[in-house]
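Trainee: Chain B: place on chain A using the hints.
Spelled out, the chains give:
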Amino acid sequence: MADPKPDGGAPERPSVTDPETVARHAEYWRRNVRYLGILISIWFVVSYGFGIILADALNAFKIPGTGYPLGFWFAQQGSIYVFVILIFVYVWLMNRLDREFQVDEGGQS
Amino acid sequence: MNVQSWTFLLVAASFALYIGIAVWSRASSTKEFYVAGGGVSPLANGMATAADWMSAASFISMAGLISFMGYDGSVYLMGWTGGYVLLALRLAPYLRKYGAFTVPDFVGDRYYSQVARIVAVVCAIFISFTYVAGQMRGVGIVFGRFLEVDVNTGVMIGMAIVFFYAVLGGMKGITYTQVAQYCVLMFAYLVPAIFLSILITGNPIPQFGLGGIEQSSGVALLERLDGLHRELGFAPYTGGTKSTLDVFFITAALMVGTAGLPHVIIRFYTVPRVRDARISAGWALLFISFLYTTAPAVAVFARTNLIDSVQDVPYESVPEWFTNWEATGLLSFEDANGDGRIQYVGPESSMTNELTVDPDIMVLANPEIANLPAWVIGLVAAGGLAAALSTAAGLLLVISSAVSHDLLKRGLKPDITDKQELLAARVAAGVAVLIAGYFGINPPGFVAQVVAFAFGLAASSFFPAIVLGIFSKRTTREGAILGMISGITFTAAYIVFFKFVRPELNVAEHWWFGISPEGIGTLGMMLNFAVTVVVSRFTPPPPPQVQVLIELIRVPRGAGEAHELSA
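Same order as they appear, the protein sequences are chains A and B.
Heads up: the first sequence begins at 18 in the numbering used here, then just goes up one per residue.
Heads up: the second sequence begins at 1202 in the numbering used here, then just goes up one per residue.
Simulated from the structure, these hints should not be mistaken for lab results.
Incorrect hints may have been included.
The calculated label-pair distances, taken between Cβ atoms and stated as ranges, are [as the list claims (entries may be wrong)]:
| no. | chain 1 | residue 1 | chain 2 | residue 2 | range |
| --- | --- | --- | --- | --- | --- |
| 1 | B | Ile1686 | A | Ile55 | 27 to 35 Å |
| 2 | A | Ile55 | B | Gly1612 | 40 to 48 Å |
| 3 | A | Tyr52 | B | Ser1229 | 52 to 60 Å |
| 4 | B | Pro1704 | A | Val62 | 35 to 43 Å |
| 5 | A | Tyr52 | B | Gly1715 | 29 to 37 Å |
| 6 | B | Ser1444 | A | Val62 | 49 to 57 Å |
Chain B side only, calculated, beta carbon under 7 Å to chain A, not exhaustive [stated by the list, open to error]:
| no. | residue |
| --- | --- |
| 7 | Ala1217 |
| 8 | Gly1221 |
| 9 | Leu1278 |
| 10 | Arg1675 |
| 11 | Ile1751 |
Since the structure is predicted, the reported quantities are computational estimates derived from the model, not experimental observations.
Every residue, glycine too, gets a C-beta built ideally from N, C-alpha and C.
In isolation and in its complexed conformation, chain A is listed as follows:
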């Protein structure tokens, strides 16, 4: 059979009606959305900005010591490296934020 329904109440599930918790969760969410805004902007700039819109202009430069035109490098190499880094930065930021706002899962063992 299916696992317990949420309203049927796993005991550790935090109440979302208590005003202190509501305010804390709202602030947590605002911070989360701000992190997302920053990270998604970087995501957009390296891929759509450097890799596509500005690619032709950046191709006038070569990465020193290599044969890579800069725009081409962003489109086929650099953007992918940045994507990977962005996710790991996000994971680090969110784990820190979870602990700060006591919504992390580690504490409940």
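Mentor: What follows is chain B alone, placed relative to chain A:
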């Protein structure tokens, strides 16, 4: 040993491994069948997601496509990796917290509506079937060329293997075979790439080799290739020919489509906690990036090798691989000027091109073109099969859970027991394998094209509904349903018109705003967002229990295991 014995040996060994894992990890409950019991470690899930994601298209076709498209091929590189950033930041953690079994599950509950659930089921099944047929074609190509069995026999062997571990093991079996398949396919991709990089540039790391100096000429590799292209009348390799706007739209459609593909999303239901869902998206993209940053290097090596080894060579003295691939019909030579030599030239050349090469063969033929040892060629065949089978299995699971869970359990027959639901899931997976196999043996002419369009359809249907469902509490049932329907209908209609109804009009001057059918999913997605937001404003807000549900999704604590919620 020759190439064929090596191929037999490596393919048989890898298949034995997959079957062994399947027997070890049988599923005994629906929860194991749908989400592997919800206890997969994030690292293993990252690998499984990477194998699930990297299909025959990534392994066999992509480097070949880039090889012929040059800079324009960047749409695949950025499009098929950038989606993971969206997935990790905007979807995976929240969907994991919600803890459903399937994507329609979330859509149906969040939008408190059976209609929304059914629309999502139809989208999921349609997207997955178009995709799986393409995988079977990949299996057919590998078997046909390397094992010299009939393509149909090849497809049937592939079906039998997938049937065995998908039907028996469900998500649990699939997850652990995918981990093994990731290792096989990555090793098989990197070994020839490293060999080629050393041969051509003297640098063992392909990512550096691509930006390095070609040893035989002493010129930067990319510069030499641009030069060859100019000489032979092709567009410059690092420049491309598509319009900037079209590149933008195609990349966006592939990125957003990636984040909306059901077989990728459900992988994040299999880990224990929200934080595991976040980090496993990171591992997945890291594992994927090994292949995706190597692919452009392979593309350039293959392109240079191809031009150097066939251009202006007398047909009498072509290398053996040339004759082998000619036999498959994927490479053909027609001596237009009757001089007995191969002229391989581009559209801007004064001469007539005499060589036609199917991009699908470039990765598979590459080791032969470069004269690599026989075992490397066998390894590439085993890798191609691993890529095709792992993706096919993930897709079949989506189809089977859509039928047994979303249609039966949550729709038509809510009172069936767990055992009956499990049986229904297995039967559905079995039937889906047979249908996929049928399309593999009798590919409808449009399969290859439709696979690319699956992304546009996913982008224009699921992505806005899920993102708004999490990030905007005000989004209503009516808004989401109309949004999904208008997005996918618009996208499908545009594609069908230009690809099937009036293919002769499929050129840039007839496209809306110069957007090709490949990129139209982005416009469909924007339409979906607009319709959803506007309709939501004019319809009653979601009921209070749904608003509470959204509050719960937004904070990690209390995720527990994957379970069913009823809103």
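Trainee: Using the C-beta atoms of Pro1704/B and Val62/A, is the stated range 35 to 43 Å upheld?
Mentor: For Val62/A against Pro1704/B, whose Cβ atoms are near 37 Å apart, the range 35 to 43 Å holds.
Trainee: Take a look at whether the Cβ-Cβ distance between Ile55/A and Gly1612/B falls inside 40 to 48 Å.
Mentor: At 41 Å between Cβs, range holds.
Trainee: Restraint: Gly1221/B near chain A, CB-CB cut 7 Å. Satisfied or not?
Mentor: Not OK, violated: Gly1221/B not within 7 Å of chain A, min 31 Å.
Trainee: Between Tyr52/A and Gly1715/B, does the beta-carbon spacing fit 29 to 37 Å?
Mentor: holds (35 Å)
Trainee: Taking the beta carbons of Ile1686/B and Ile55/A, is their distance inside 27 to 35 Å?
Mentor: holds (34 Å)
Trainee: Is 49 to 57 Å a correct range for the gap between the Cβ atoms of Ser1444/B and Val62/A?
Mentor: Violated: the Cβ-Cβ distance is about 21 Å, outside 49 to 57 Å.
Trainee: Can you verify the interface hint for Ala1217/B: is its Cβ closer than 7 Å to any Cβ in chain A?
Mentor: violated (33 Å)
Trainee: Go through the hint on Ile1751/B and say holds or violated, using the shortest Cβ distance to chain A against 7 Å.
Mentor: violated (10 Å)
Trainee: Is the hint on Arg1675/B kept, meaning its closest Cβ partner in chain A is under 7 Å away?
Mentor: Constraint on Arg1675/B not satisfied, violated at 15 Å.
Trainee: When you take the CB atoms of Tyr52/A and Ser1229/B, is the distance between them in 52 to 60 Å?
Mentor: violated (41 Å)
Trainee: Taking 7 Å as the limit, does the beta-carbon of Leu1278/B come near enough to a beta-carbon in chain A?
Mentor: holds (5 Å)
When the structure is compared with the earlier hints, violations turn up for hints 3, 6, 7, 8, 10, 11 and for no others.
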